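Number of protein chains: 4
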Amino acid sequence: MTSYKILAISGSLRADSHNTALLRAAQKFNSGLDIEIYDGLRDIPPYDMDLDNPQNRPAAVAELRRRVDEVDGLLIATPEFNYSIPGVLKNAIDWVSTDWTKSEGLPLLHKPVAIMGAAPTNFGSVRAQLALRQVFVWTESDVVVKPEVIAFRSHERFDEEGNLIDETTIGLIEGLLEALAKKIERAKQ
Amino acid sequence: MTSYKILAISGSLRADSHNTALLRAAQKFNSGLDIEIYDGLRDIPPYDMDLDNPQNRPAAVAELRRRVDEVDGLLIATPEFNYSIPGVLKNAIDWVSTDWTKSEGLPLLHKPVAIMGAAPTNFGSVRAQLALRQVFVWTESDVVVKPEVIAFRSHERFDEEGNLIDETTIGLIEGLLEALAKKIERAKQ
Amino acid sequence: MTSYKILAISGSLRADSHNTALLRAAQKFNSGLDIEIYDGLRDIPPYDMDLDNPQNRPAAVAELRRRVDEVDGLLIATPEFNYSIPGVLKNAIDWVSTDWTKSEGLPLLHKPVAIMGAAPTNFGSVRAQLALRQVFVWTESDVVVKPEVIAFRSHERFDEEGNLIDETTIGLIEGLLEALAKKIERAKQ
Amino acid sequence: MTSYKILAISGSLRADSHNTALLRAAQKFNSGLDIEIYDGLRDIPPYDMDLDNPQNRPAAVAELRRRVDEVDGLLIATPEFNYSIPGVLKNAIDWVSTDWTKSEGLPLLHKPVAIMGAAPTNFGSVRAQLALRQVFVWTESDVVVKPEVIAFRSHERFDEEGNLIDETTIGLIEGLLEALAKKIERAKQ
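Residue numbers (the working numbering), protein chains in the order written: chain A, 211 to 399; chain B, 211 to 399; chain C, 211 to 399; chain D, 211 to 399.
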């Protein structure tokens with residue numbers, strides 16, 4: 211039995227990011243998903259349409275597009291910056307959502323996607339996650355609707371080593387991964 | 211009589227951007243505003259909270275924060291990428307919206323801001339502009355509500371040298387700059 | 211072969227509504243869907259949680275909930291009022307989205323839904339449709355992502371008898387109904 | 211010294227509504243505002259553009275438009291239904307936002323507005339309030355940006371008689387009323 215391959219992307223670059231920690235927690239669950247955490251976000255340059263073609267695309271971007279193409283689904287953990295998606299995460303999505311040549315294919319088209327998010331505030335990443343859902347309407351990705359994983363007051367949900375210890379959040383993530391696996395399974399039928 | 215200083219930011223990096231062209235058009239109007247177009251967006255690195263403090267902030271970011279502090283208002287021209295704000299524009303906003311030390315001040319707080327946008331599609335940058343307005347709720351910037359300048363089918367609005375020739379758009383931008391000037395004037399009272 | 215049953219709801223009550231006209235056009239297509247247009251919206255009273263239970267629910271509401279339960283999917287045509295969903299449409303959704311007793315079931319849960327919209331303005335019902343998509347995230351309905359049917363400048367798309375004559379819109383609606391039928395088919399598997 | 215007149219509208223019709231209770235609390239503060247709570251929402255019929263003119267408008271609607279015209283500002287308390295504004299509240303806004311004759315004036319244009327909201331859930335009325343802000347972009351109302359009053363887990367904030375006893379919420383409402391009064395004062399200059 212082969213397990214589905216998932217590329218996981220955290221919208222936060224800071225070392226002790228709770229969003230990255232959520233992804234690490236997801237890796238450890240017995241979900242039947244093979245989750246790899248993307249660590250190249252820092253190398254993705256600002257989106258420039260003049261470079262967005264097979265000849266001129268920066269190497270880090272070409273690599274990210276290739277990886278999105280290869281995996282069965284995406285798992286995104288997004289903090290909320292200014293009531294919306296971090297620019298750094300949105301910038302990566304901008305680079306992998308296009309096909310101006312109409313010959314390469316759209317990496318995000320019909321791609322199964324699961325969203326979660328953590329934030330230290332009372333309202334977690336509620337607004338960022340909704341903003342992200344709107345993005346995936348355009349790309350026509352196949353986004354898991356529920357459960358929504360909104361780890362508000364996220365600092366209360368991890369131990370000192372950054373391990374997720376909150377049972378509610380653990381249960382939600384398990385549900386999310388299960389829903390993602392089902393979406394992938396259906397898409398493959 | 212001194213004129214108000216405006217920093218103008220285009221969310222598109224491509225050479226022939228219609229959004230940058232809107233800003234150039236705005237510069238030429240007899241608005242009483244001194245509009246300078248920011249050209250450093252390409253140098254703003256991905257937002258990293260670990261570096262977002264006076265000691266570690268990248269030079270391009272420190273410079274952008276300084277300029278936002280100095281000017282009387284902002285003029286933003288945003289394309290629409292994936293039904294939302296370009297990541298590259300949002301990333302710059304993320305860097306200039308913070309003050310983790312609580313000693314530097316929030317560059318965007320109460321800052322007068324005017325928004326416009328161009329896109330070649332039928333629905334212009336409608337969705338991106340609304341997404342951007344939501345961002346400025348958090349920053350508590352003082353955003354001009356109307357007129358909304360939505361240059362849809364933007365390729366029909368410029369001549370071959372990239373000059374804005376569409377009378378409707380010209381009138382809207384004039385109205386926007388006037389509204390921005392009024393906001394600044396009121397804020398200074 | 212039995213065809214799927216669809217309840218179609220127009221968010222506009224005016225007699226010559228382009229949104230209702232879109233639904234009438236959809237009825238005539240050879241889509242294999244049995245589309246019935248709901249005409250009871252005018253009788254739905256303002257939502258009141260105190261009445262939202264099997265004992266006290268107004269008759270028109272109970273009937274709408276029953277019909278939503280019975281059909282295989284929903285087709286909604288929404289105008290845009292004030293950059294959002296018409297209150298009258300949202301009010302009906304509010305009444306059919308609940309189950310405070312936890313015994314009746316949630317009529318909108320997993321229900322296949324297709325959205326379209328017409329408006330005489332340049333930006334059609336773009337904003338209303340996105341606002342409506344956000345509503346269906348909460349209800350966890352199974353919403354068709356594409357095609358998006360946005361009949362902007364809608365007065366140009368109908369003849370004097372109110373028949374849809376615009377080929378682009380016709381093609382989009384056909385695509386939407388096909389996508390809705392596929393969603394229903396998958397859900398039944 | 212005359213105090214400013216405010217019309218307060220609750221988006222919830224249920225008897226023990228926390229949103230209505232927030233408005234009652236606001237009435238008691240020493241804000242210098244004369245706040246009257248609107249109790250006619252139940253009588254506002256579904257919006258019908260065919261009736262939306264001085265000759266045919268339902269009496270309850272005509273009365274609401276008149277009252278909005280007369281007051282200096284609005285105070286709205288909105289619950290969140292299905293991740294958005296209650297239909298019943300939006301329907302009232304739809305009726306008071308128009309002037310198809312171009313002779314009556316737009317009741318909401320430039321009208322100072324303050325928003326708050328309560329909900330028993332963890333995320334309060336966060337999404338409803340943002341949805342409402344988008345509505346007031348179209349109407350070009352003069353909406354208070356901060357403080358945002360989001361009474362999440364609202365059942366913990368009132369005593370058994372429905373009095374607001376939570377100090378944080380009390381402070382936020384006082385700040386909101388102060389900001390509303392300032393907006394009105396500036397508008398009158």
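One or more of the hints may lead you astray.
Where chains are identical, the list cannot tell them apart; a pair therefore holds if satisfied intra-copy or between any two copies.
To be verified - Cross-link-like lysine-lysine pairs, in silico, DSSO-like; alpha carbons within 27 Å at most: (1) Lys312 to Lys392; (2) Lys398 to Lys356; (3) Lys356 to Lys312; (4) Lys312 to Lys238.
Since the hints were made in silico from the structure, they are not lab data. All values derive from a computational prediction rather than experimental measurement.
These are the hints, each one checked on the structure:
no.: 1; hint: Lys312 to Lys392; in the structure: between (30 Å within a copy, 26 Å between copies)
no.: 2; hint: Lys398 to Lys356; in the structure: both (20 Å within a copy, 19 Å between copies)
no.: 3; hint: Lys356 to Lys312; in the structure: between (33 Å within a copy, 18 Å between copies)
no.: 4; hint: Lys312 to Lys238; in the structure: neither (38 Å within a copy, 34 Å between copies)
Violation of the numbered hints given earlier is confined to hint 4; every other hint is satisfied by the structure.
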